[in-house]
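Student: In case you want the letters, here they are:
2 protein chains.
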Amino acid sequence: MLALTILGNNSAIPAHGRNPTAQVLQTNDENYLIDCGEGTQNQLTKYKIKKSKINKIFISHLHGDHYFGLIGLLTSMGLLGRTNDLHIYAPAILEQIIQLHLDAANTSLPYQLYFHSLSEEGEISNDKKITVSAFRVNHRIDCFGFLFTEKKKPRRILAEKVKMYEIPEAFYGELQKGNDYVTKKGTIIANEDVTEAAPKPRSYAYCADTIYDESICEKIKNADLVYHETTYLKDLEERAASRFHCTTTQAGNIAKIAGAKKLLIGHFSSQYEALDNFLSETKEIFDNTEIAYEGACFKV
Amino acid sequence: MLALTILGNNSAIPAHGRNPTAQVLQTNDENYLIDCGEGTQNQLTKYKIKKSKINKIFISHLHGDHYFGLIGLLTSMGLLGRTNDLHIYAPAILEQIIQLHLDAANTSLPYQLYFHSLSEEGEISNDKKITVSAFRVNHRIDCFGFLFTEKKKPRRILAEKVKMYEIPEAFYGELQKGNDYVTKKGTIIANEDVTEAAPKPRSYAYCADTIYDESICEKIKNADLVYHETTYLKDLEERAASRFHCTTTQAGNIAKIAGAKKLLIGHFSSQYEALDNFLSETKEIFDNTEIAYEGACFKV
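Just so you know, the sequences run in chain order A and B. Residue numbers for the first sequence follow the working numbering, beginning at 1366 and rising by one. Residue numbers for the second sequence follow the working numbering, beginning at 1366 and rising by one.
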């Protein structure tokens, strides 16, 4: 399982019943939380996503609509009895902010918090099934996107074929790695005759808040699912640029150039109540687009 | 008009659809915000309370469930175009916390924020119609309650009587102050013959988070409306004390000793989903009690 649930899709302030940015990428083992606007803990409860399975939180940048819900979530996790380690990947100053909040309450968290300062691009997390790398995007303050990539899976053994060729089970591990089997008589059984390739590792690219910048396309190349902000409709390209944000058309272009399979759009300005035009405008450029509605779950 | 609207009534974490503590005391001129748990800005929107009429915010103490919504509200006020001054009354360290959040976003607020550190008891705010004083309560960290008191109003002029005695309008101001009128012939018209006393100034006492402490009764004496926490039902008195909180019975006692006209109870532990027993237990001690349900509005 690799699926993304949207917890918030509005920019700057909560409005029209929409919450500030937060998303959770779920595997069978882990819930990766991506940004954490105010109210995220309520949204996690609402959409029945287990806080106890969140072990890593990725904060793209320190505009409030992307992290004001973090201190509440961290505190609640403690009050709910968490003892497992928690890792936060974020710009450095957030560590001071968290500490100051804890100092003010004369308290500490009952679990170990590991803070990883984001400062360079590259791999930042490496779990059993997923690696995460950070890449810079171009915003008014330091801001990072995150690329979540499944690890390459072993080749799949074809049960009938290995039986037919009488390959011993002890050799299955080698087959999964792609090695050929050599019988006692010296006959070579080609790996591709008894295995098939595993499905291609999937990837999700979260592009955070950014001005239009084609240089990110290389970093998220061929991602199965790309989230790109569309703060404004296409007629407000100048306003978007002045605020280091993007329009529908621009998000569509990024997805197209990057060779994305699917595009999710979000971070809508509060000046828009209806979202229909966001979808139609983006689809003009990149057809396989969906709106990051809150509560919606997208398979990667 | 003097009315209190409840925005949040749960303790520690949001649960059962209940939000952390926040209340707003409304006069015709001002909305006084009292504590500001996470999600307060959404609750203000939900209950149609104008953020633009909030000019003073009172934060009792720096446990997260009483202030984690503040930075989001301050930021949103700025994004919504606020230019009016805003005053915050809170323990000193909150000023650093706010500044660090602003620094992290490399931003400033577009309005003037005046921070008033709470450190001593006594009057902290004096507006046209309302004075506010802070009083210490006994909690795990520095914590203050707030007493909102209407100013004494001028005596009311009895229109028929002033006409009958032919008192000139120029003297009405003196009558309102309680002075007698002396006619040109030297006859004294007693003030009470031509005016009546204004209604007694009303008062609201917010007792924040506190262990059972009868010494606060003197500070909130005869208040028309008293809010007192009831984190636990009466069977958990020991747990309440160990956490510097109170039970239903204790809140009832405080209201009784203080001579309150009405008692509001809130700050319910998340271990309780239903609240009925809070009301019945408190009423055993102090009958005129109501539950501080979210969205409920109480005339003071």
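Keep in mind that the hints were calculated from the coordinates and are not lab data. Take the hints with a grain of salt, since some may be wrong.
[As the list claims (entries may be wrong)] Only part of the chain A face toward chain B is listed, based on derived beta-carbon distances under 7 angstroms:
no.	residue
1	ILE1378
2	GLY1382
3	SER1441
4	ILE1463
5	ALA1470
6	ILE1506
7	MET1529
8	TYR1530
9	PRO1566
10	ILE1622
11	GLY1624
12	LEU1640
13	ASN1653
14	ILE1656
We put the beta carbon where it would ideally sit given N, CA and C, even for glycine.
Student: Now look at each hint and say whether the structure bears it out.
Tutor: Hints and how they fare:
The beta carbon of A:ILE1378 comes within 4 angstroms of a beta carbon in chain B, closer than 7 angstroms, and the hint placing it at the interface holds. Given the 7 angstroms rule on beta carbons, the hint for A:GLY1382 is violated: about 9 angstroms separates it from the nearest Cβ of chain B. A hinted interface residue such as A:SER1441 counts as satisfied when its beta carbon comes closer than 7 angstroms to some beta carbon of chain B; here the least separation is about 4 angstroms, so the hint holds. Interface hint status for A:ILE1463: violated, as the beta-carbon distance to the closest one in chain B is roughly 10 angstroms, over 7 angstroms.
A least Cβ separation of about 5 angstroms between A:ALA1470 and chain B falls short of the 7 angstroms threshold, and the interface hint therefore holds. Nearest Cβ of chain B to the Cβ of A:ILE1506: about 5 angstroms, under the 7 angstroms cut. The hint holds. With a least beta-carbon distance of about 59 angstroms to chain B, the hint placing A:MET1529 at the interface is violated under the 7 angstroms criterion. Nearest Cβ of chain B to the Cβ of A:TYR1530: about 59 angstroms, over the 7 angstroms cut. The hint is violated.
Interface restraint check: A:PRO1566 against chain B, minimum CB-CB distance 35 angstroms, threshold 7 angstroms, status violated. Look at A:ILE1622: its Cβ only gets to about 30 angstroms from chain B, farther than 7 angstroms, so that hint breaks. The interface hint given for A:GLY1624 is violated, since its Cβ lies 34 angstroms from the closest Cβ of chain B, which is over the 7 angstroms cut-off. Given the 7 angstroms rule on beta carbons, the hint for A:LEU1640 is violated: about 19 angstroms separates it from the nearest Cβ of chain B.
Against a cut-off of 7 angstroms between C-beta atoms, the interface hint on A:ASN1653 is violated, since the closest Cβ of chain B lies about 33 angstroms away. Given hint, A:ILE1656 at the interface with chain B, is violated; its Cβ is 21 angstroms from that chain's nearest Cβ, farther than 7 angstroms.
Violated hints for the displayed structure, listed by number in ascending order: 2, 4, 7, 8, 9, 10, 11, 12, 13 and 14.
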